[in-house]
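*Asks:* Chains as they are written, first to last, in my numbering: chain A, 1 to 340; chain B, 1 to 340; chain C, 1 to 621; chain D, 1 to 621.
Derived from the structure by calculation, the hints contain no laboratory data. Don't take every hint at face value.
Claimed, not checked - Which residues of chain B face chain C? A partial, calculated answer using Cβ under 7 Å: (1) PRO41; (2) GLU42; (3) PHE81; (4) GLY84.
We put the CB at the ideal spot given by N, CA and C, even for glycine.
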Amino acid sequence: MSNLIEPAKLTKKDFETDQDVRWCPGCGDYSILANVQRVMPELGIPRERIVWVSGIGCSSRFPYYMNTYGFHTIHGRAPAFAMGIKVANPELSVWIATGDGDGLSIGGNQLMHCLRRNLDVKILLFNNRIYGLTKGQYSPTSELGKVTKSTPFGSADQPIDPASFALGANATFVARSIDTEAAHLSDVLRRAARHSGAAFTEIYQNCNVFNDGAFDSFRERDVKAERQLRVEHGKPLVFGAQRDKGLRLDPKTLTLEVVRVGEGGVPESEVLVHDETNQTLAYMLARMPYPEYPVALGVLYAVERPTYDGVLRTQKAEALARSGAPDLARLLRGNAAWEI
Amino acid sequence: MSNLIEPAKLTKKDFETDQDVRWCPGCGDYSILANVQRVMPELGIPRERIVWVSGIGCSSRFPYYMNTYGFHTIHGRAPAFAMGIKVANPELSVWIATGDGDGLSIGGNQLMHCLRRNLDVKILLFNNRIYGLTKGQYSPTSELGKVTKSTPFGSADQPIDPASFALGANATFVARSIDTEAAHLSDVLRRAARHSGAAFTEIYQNCNVFNDGAFDSFRERDVKAERQLRVEHGKPLVFGAQRDKGLRLDPKTLTLEVVRVGEGGVPESEVLVHDETNQTLAYMLARMPYPEYPVALGVLYAVERPTYDGVLRTQKAEALARSGAPDLARLLRGNAAWEI
Amino acid sequence: MTSPALVPSSPTEQTVIPSAVVRFAGDSGDGMQVTGDQFTVAAALAKNDLATFPDFPAEIRAPAGTTYGVSGFQIHFASDNVYTPGDAPDVLVAMNPAALKTNLRDLKRGGLLIVNSGAFNAANLKKAGYETNPLEDGSLENYSLLSIDITKNTQNAVKDTGLSNKEANRCKNFWTLGLMFWIYGRPLEPTLKWIEQKYGKRPELVQANTAALKAGHAYGETAEIFQRKRYEVPPAPVEPGVYRNINGNTATALGLVAASRIANRELVLGAYPITPASDVLHELSKYKHFGITTIQAEDEIAAVCAAIGASYAGNLGVTSTSGPGMALKTEAIGLAVAVELPLVVIDIQRGGPSTGLPTKTEQADLLQAVYGRNSEAPVCVVAAATPGDCFYMAIEAVRLAVKYMTPVILLTDGYLANGAEPWKVPNPSDLPKIELRFRTDPNGFHPFLRDETTLARPWAIPGTPGLEHRIGGLEKDYDSGHISYAPENHERMCRVRAAKVAGIARDIPEQTIEVGSERGKLLVLGWGSTYGAIREAVQRCRARGLDVSHAHVRYINPFPRNLGELLRRFDRVLVPELNLGQLVKLIRSEYLVPAESLPKVQGKPFKVEELEDAIRRLLES
Amino acid sequence: MTSPALVPSSPTEQTVIPSAVVRFAGDSGDGMQVTGDQFTVAAALAKNDLATFPDFPAEIRAPAGTTYGVSGFQIHFASDNVYTPGDAPDVLVAMNPAALKTNLRDLKRGGLLIVNSGAFNAANLKKAGYETNPLEDGSLENYSLLSIDITKNTQNAVKDTGLSNKEANRCKNFWTLGLMFWIYGRPLEPTLKWIEQKYGKRPELVQANTAALKAGHAYGETAEIFQRKRYEVPPAPVEPGVYRNINGNTATALGLVAASRIANRELVLGAYPITPASDVLHELSKYKHFGITTIQAEDEIAAVCAAIGASYAGNLGVTSTSGPGMALKTEAIGLAVAVELPLVVIDIQRGGPSTGLPTKTEQADLLQAVYGRNSEAPVCVVAAATPGDCFYMAIEAVRLAVKYMTPVILLTDGYLANGAEPWKVPNPSDLPKIELRFRTDPNGFHPFLRDETTLARPWAIPGTPGLEHRIGGLEKDYDSGHISYAPENHERMCRVRAAKVAGIARDIPEQTIEVGSERGKLLVLGWGSTYGAIREAVQRCRARGLDVSHAHVRYINPFPRNLGELLRRFDRVLVPELNLGQLVKLIRSEYLVPAESLPKVQGKPFKVEELEDAIRRLLES
Ligand SMILES: Cc1ncc(C[n+]2csc(CCOP(=O)(O)OP(=O)(O)O)c2C)c(N)n1
Ligand SMILES: Cc1ncc(C[n+]2csc(CCOP(=O)(O)OP(=O)(O)O)c2C)c(N)n1
Ligand code: SF4
Ligand code: SF4
Ligand SMILES: [Mg+2]
Ligand SMILES: [Mg+2]
């Protein structure tokens, strides 16, 4: 197989499969799929070196629609499969598609350890704040008091914020985007792809069947400028159609406050500047209560740290260098053999 | 059983069992046990209403030595058992003993969900940064590069900080103490006991067999004043034998800095004051890199939020009030029965 | 438009038939389940015996018109006892080409085929994969085809109500139902009343659906073609009483509520959603005022652990799931065995292995239930035979769990879960008794002190003064309950745990023969949801003079105490199962009888015909 | 102090005996494992055949002097073949009262009992639960007691080395070893060399331990009492070759390394620590330069998933665990069945149920291995018979897994894991071959296209251009590999997966008889670690003229193709197992032979005597 010529430049079509896409019409998963299929060719990775791994859920059907290698595994464990794959063949570009149920309910432990290990994989968590595939039970990201089939009196547990969970778990890359924000999502995906290490991206995704409109209050065209804060490294944290609002730190209380910027308000210099290497800032941004604060989108946090697979690779190389070519006969003999 | 008289005031002895304590001589678990047995009587809860639940590990042997109800379950799942216990009988005072392996490796998911649910249980995580019971493999809290039986070339994964994990998981109470600091540990335990909701307490515990001295650099008598920061709500964050060091916020970089306080340094007014209701501050304190910063001990975070069991109880009471006494005959008939 | 009479105007034209099988099939959006439900109510009110089975698409909401978006509902109703929803429909209603495509092969040769010709346009034909229009290419000539433009007829019927075209189209199912009501001579009132209740808040919908229903009915009345196509299925000789239609999951949930009331103990369900088990969670979560708490746990492990925790604290701990979830619960079930706490585990089996066929039925978790734990960890395993039986077996599972301080696994399956049958509503006072005994006396107490008869340890719950004690998964001393690694003690404990579960055989009914004589050439031995199909097949074979009997085990571990003796009374034993042969393995190993396996693993129940054939082949061989 | 001769000075006094069983027992801190190891090396160098078994305390480091802190080491060495570490010791060395207390009952009546009287002080006696001093109260009169103050003798021997009292005491085990060497006429040099290597960095320790060893030896030489107590166990007729001592866990690990080299493929072990499996992880983690990657995962689920992921990516994916961990892995193993990827799962069984007896042995995960998954999820199950056999069965597991694209479960247990035997080191070129075939040709490829002979699907690994494809746990179409819910297809797929695993029977050796004739009155059928005990028992019974044979299954699913026929050649079949009867269930159900169970669940292996008794009883009944 070595007489391969430089592969022709790929297009979106190259990443589409012949399988009928079986999400509900109108599901936010479609736009994410299209977006990913558009971004993938830009990465310059041959299709055969890309692997999509997923658990179970509507979102976890994702690999079937990507014309790459794909492994639709069991509920919640995609990160563990990905660990085996990446460690076995570090040349592969490994992507995980998961949901708020798959990744944060049953799969919370695998996700947490994948992030802290900093395994070099890209994780897209489709957060629709509901279990879609099992037809509409509340998820760990559903709001308190959520009425669903399994909670007719409202859910009794506090939700978790995926990004803050990821930060608490020591992730090296944490980002957020929205299914319908094509350009923004593409930017975030490109950044995630370039990150060396576990890149965690939460994507707010509308489940129009069981949780329709969950994100409308900050996703709809007419409100989004006022309700979304697009963060960019080195840029001030301002938002609003007129870019007239910003985040300021109250150093006394160590809290963020939304301030009017410019005319009638504070000068932009008082507004915090986004520093994606600052874990504390990322954490504050991730956890801003909504709707008192806007929803922070973009790359909240990104730093480089040794990857799990990278360290293992180095160890292997060093061991080989140190011990020389493996000698099975010697190994089997051990160092306390005797001859008869 | 209703002709009970007010129970006599209990003493430490009342909480000791007749079982041989089977930890290694010198293990930090002994001091934690003694401490807990000392604090328990103060809580004024009759022994029969206290339940200790644990997973598997040296630390998880804890319940056997407490003369209360006790359930030594399976590895990592104590919080889930506790959920069933507490929901079934909210009158019980439920305590969990777990380890860094039990609670953060295999049991990470159960712990995370217990915290975000805010189940009203008290969780003591004995962090010895090693798997004791299985004789010394590295744990999720072991430092990167840790050489153990299972990692002769050093571990390849970044550790997780239990307190920052708990905060990211939305815990309502997060504290830290040390096995050997009897008074401090007692204070923290009393606070945890009083907290309504999931109270997470990490206790640094020395495993003198497999990870001896893990905490010596900030635990030993001669260094501890300089290396420990004892936080107290409303008090300035100062430390040092001379109380001449403090933490200041650099609002520009949103980072903490260690400053000299008083003579030749900054005035105490510039030092941050601990606010245990501030999640961001708690997070920063939990994550301060050591040894550049001191180790923060005490109640890092404490807020009240509805508890999972509390909400369920309310829902049940409301349902009963609304629907009246349950009528099984009517329920079985349903609303589309016919008679023949 | 003239309003049709609300009762059949010309009853004399009805052909009396003993039974009929009807299947409604259409797009997910076509409302086939509602149609089926209403048709079922009508059959029930006409005192037919009946059984129904819905066939949901695997996809949540597949694009309209696709074959994988087809939703179906089958009903079998008769003037005699009905045991299954029927092998092959006598009547198929196909609302679009996809529905025809996926369902036609089941229709009986010569059966009545009603299609909505209005949906047979080019786009839909293509989506269904038809190259030519089957209504026109002669491919349906083996059936009695009634091609009606139901779309147009419905639009006409509702045009005065001011509904949008889209909404008007949604009434098609009521038009169709009206027509079917006419064919089977059913009154319209109950459905009209239901429409009123259901859509009360939107009068225009009440009006439109009413109009559609009546128009469909009138179409039957007036269209020439129907003169010779009306049927009457007379009432079945049903025991008098109050009846309701019930599916297995609802019956299971109600059984648990009933058990909780009978035992006078609150119940905690720990569950994680999974098809086809989720409805047990959904149903139970409605009954907080019955003292039922449902916990939607973070995963199946937490769900079962929470249930065990609840039992430990003195509530009835229950967990419900399906195959993959069962696999995850096995470690914790092993703990419940070791600490000897009551626990009810409900496994609503589905097609596997792994994720498999999540929406289809199978009986292949049996060996997992009996053996799927590390080490010697015996549990009691029982299985429900019909949807209504789920109610009683759920109560039985609770009874055994608390009496023997043991996990009990109740096996049902996707077919029982969603299949429905009329169910005689029991009087609560007639239900079995469940007596709970909590230890309160500290005198001589230790947590593994056994009851001499049941071998159960005492249930000593936190909160009881003086009984403070510790339990756990390590081996315990027989005489003190403390941790013990002593060799002989371990064997003694393993044996007593096994003896305890084996002893349940003394507390359960002896195995009976459902149908047929007590000895003979062939015994068909079934378990679980195959009950109806086996029973009917054996009855039919006996009617033809074959020497065959039917026995159905509800208790699998332990088996009824007389089972071996009963099996040996027959020359041969055939074990039909929806797996590759699992019960048959247990039977062979336990009794050394050369039982033969009749496996089927297609995600579908047995057809009565398949079983008849197998019985005949076997008796002729 | 005079230095004793390094070779026995008076060889003529030695009694020649065919074999001996010696047990060393003392406090965890007494160095009994080192003593045992050195004694083993000496026996090996003397060309005895031998087997050893250590008995670690369950606690990590129990307080000194307690009964639960006793650590033991037993060795059986002989001039003939040795199959077990021996039922009951001929010689017991007890270093303190607790060791005496916990071990005495195993000592043969009249056996030699060497005790360190220096440790029999009031405090130690009390900790061991003695009310009177057994050395003085006449309770040991059934044994040949040698009470020596080893503590004092050791202190005297090392007093010149300047060690602290505490350190001096640590040399007691070498003094004892010296004495034992004298009794069995072993040379001191190898141990002296070992001491030199081991303590080289601390010369005072080298000096002290050397002195202690020699002093113990000299004590034998000079103390009157020993004149009639020296034994010689002549060399065994061992095949020439290079030997090493090996325990089961090391053998398993080396087998995996060897398999990886033979197959020329890197291997990934995903594991989560658990007793008694952890040492496989520890051992394998040393061999990075062999291309072995070990992942200590966050839990057992992640461990097996990582192994499957590694297999998917074209490495050899392996996971190792024990009972409770197995329970957690079952869901993922089901996925490996569904996606048909190679996977080796090693279950080092321990006492259960639940946490059970974590440090003790048991064979009770067999049915879990064979049946413990949801739905029809057949896997291959094999079992190792001896510590050294673990090496070969590990290779075999890898060979079958990759050839048949299937999970293979390799069962060993705590007894094999820690038990050791001399092992003839194989020449790598003599090892079985493992050929890997990766699909590279996109022509006509689909992921579930099967090899006609093996029925295996192609291994098509990411990175291969043109083979991009998707796999998962949903059912797949036989002909295209795409998701399919079609009924007949599902049955076809279930059957082909079953046929594939069943077909392995063609690829494994036929079942042979280990000992005895090919037909007869009684066959003792064993599996796993009971090999040695059964073999010896059957040999002894045959020596007494009983008509009994021994067969030992290494392949459990599928069974060897001739097994049924072989079983039927015997009047009766007895199946001894360290469980309540599991293999016997499989045998009865598969072959309908009335095999009888001989269960033992005590966390301990069978004694040869127990088996002999059972055989005799059975043949006499
Ligand atoms: C072990 C196991 N438990 C439960 C299920 C059922 N199940 C499938 S998907 C799902 C939840 C999916 O939620 P999410 O990850 O949010 O995906 P979505 O469908 O919302 O995209 C559940 C509970 C399963 N397949 N396997
Ligand atoms: C399912 C399962 N997997 C693995 C084990 C083995 N095991 C017992 S304790 C333990 C780790 C304990 O570590 P930690 O919680 O830190 O406790 P410590 O002994 O250090 O106090 C492990 C891996 C087990 N008992 N059960
Ligand atoms: S159920 Fe919701 S998440 Fe799933 S495919 Fe449908 S719309 Fe999308
Ligand atoms: S191994 Fe470590 S943690 Fe466990 S009891 Fe011993 S000292 Fe304590
Ligand atoms: Mg979701
Ligand atoms: Mg630990």
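*Asks:* Kindly indicate which numbered hints from before are broken by the structure, ordering the numbers from low to high.
*Replies:* Violated hints: 1, 2; rest satisfied.
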